[in-house]
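Turn these sequences into a full structure, and let the hints steer you where they fit.
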Amino acid sequence: MDTISQILDTPKLNQLIASGSGSANPTIESENIIVDGWDNDVIEIGKIWYPWHQTYSQSKPRLWGLFKGLEINEEDIAETKKLLFPDRF
Amino acid sequence: MERYVADTHALLWHVTADPRIGTRAKTIIDKCEAGETQIIVPAIVLVEAVSALRNPRKGFDYDAGFFLNLLQDNKNFLIHNLTIETAISFNDNLDGLLSLHDDHDRLVVITSKIFDDIPIITRAEDIKLIAPTIW
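Protein chains in written order, with the working numbering: chain E, 1 to 89; chain C, 1001 to 1135.
Honestly, I wouldn't trust all of these hints.
Capping the alpha-carbon separation at 25 Å, the derived lysine-lysine pairs in DSS-like fashion look like this [stated by the list, open to error]:
(1) Lys-1113(C) - Lys-68(E)
(2) Lys-1075(C) - Lys-82(E)
(3) Lys-1113(C) - Lys-60(E)
(4) Lys-82(E) - Lys-1031(C)
(5) Lys-1031(C) - Lys-68(E)
(6) Lys-1128(C) - Lys-60(E)
(7) Lys-1075(C) - Lys-68(E)
A short, non-exhaustive set of chain E residues, derived as facing chain C with CB atoms under 7 Å [unchecked claim]:
(8) Pro-26
(9) Ile-28
(10) Leu-63
(11) Ile-72
(12) Asp-76
(13) Phe-85
Hints are computed from structural coordinates only; laboratory data are not their basis.
Beta carbons are placed, not taken as given, at the ideal position from N, Cα and C, and that holds for glycine.
So this is what it looks like as structure tokens:
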């Protein structure tokens, strides 16, 4: 609830409640915070910011340069191969 | 969609952004990351890559698990497991692969054969002599 209250359009909500034109109970639909207004209309008073949305929007890590700076030489790979499959022929 | 088989050098030099990676090799792996090509990765190549990333003699203990997860998450990298079919093909083709130095390279070539001789992304000169390659 802290996340919601931080970004909620409190003045607008207070104004609606004070004028008797809105519900005091905001509800959430998808990312929208809404209250009931006159004639069953719906008034959007804010949007929820979910911290994990930022994670979704970050670009996916790429394989290219994942271990940039690590130096693996031919002999390192050859050594690994020999550990797995010693020379037989 | 074009398909290739990856050898260990290609994958490792891609993740280390090593300038020694061949121009065409890098382009193909970049395209695979972008979903434009498919790369078959023999399981033995992954084992070797993990072993190189965690080489105690060189003091390496890089996050090979993260590398494997990234690879697995990209559906354009197709991991080819070492199965009984691979072993049968290995047995059937072994005589023609004796010029290669080790069973690792033989398994990489066998993987290419299983997928109708698709090019292998490798710089290995001895593989170039007996299989289609690109670097």
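(request) List, from low to high, the hint numbers that the structure doesn't satisfy. (result) Of the numbered hints, 1, 2, 3, 4, 6, 8, 9 do not hold.
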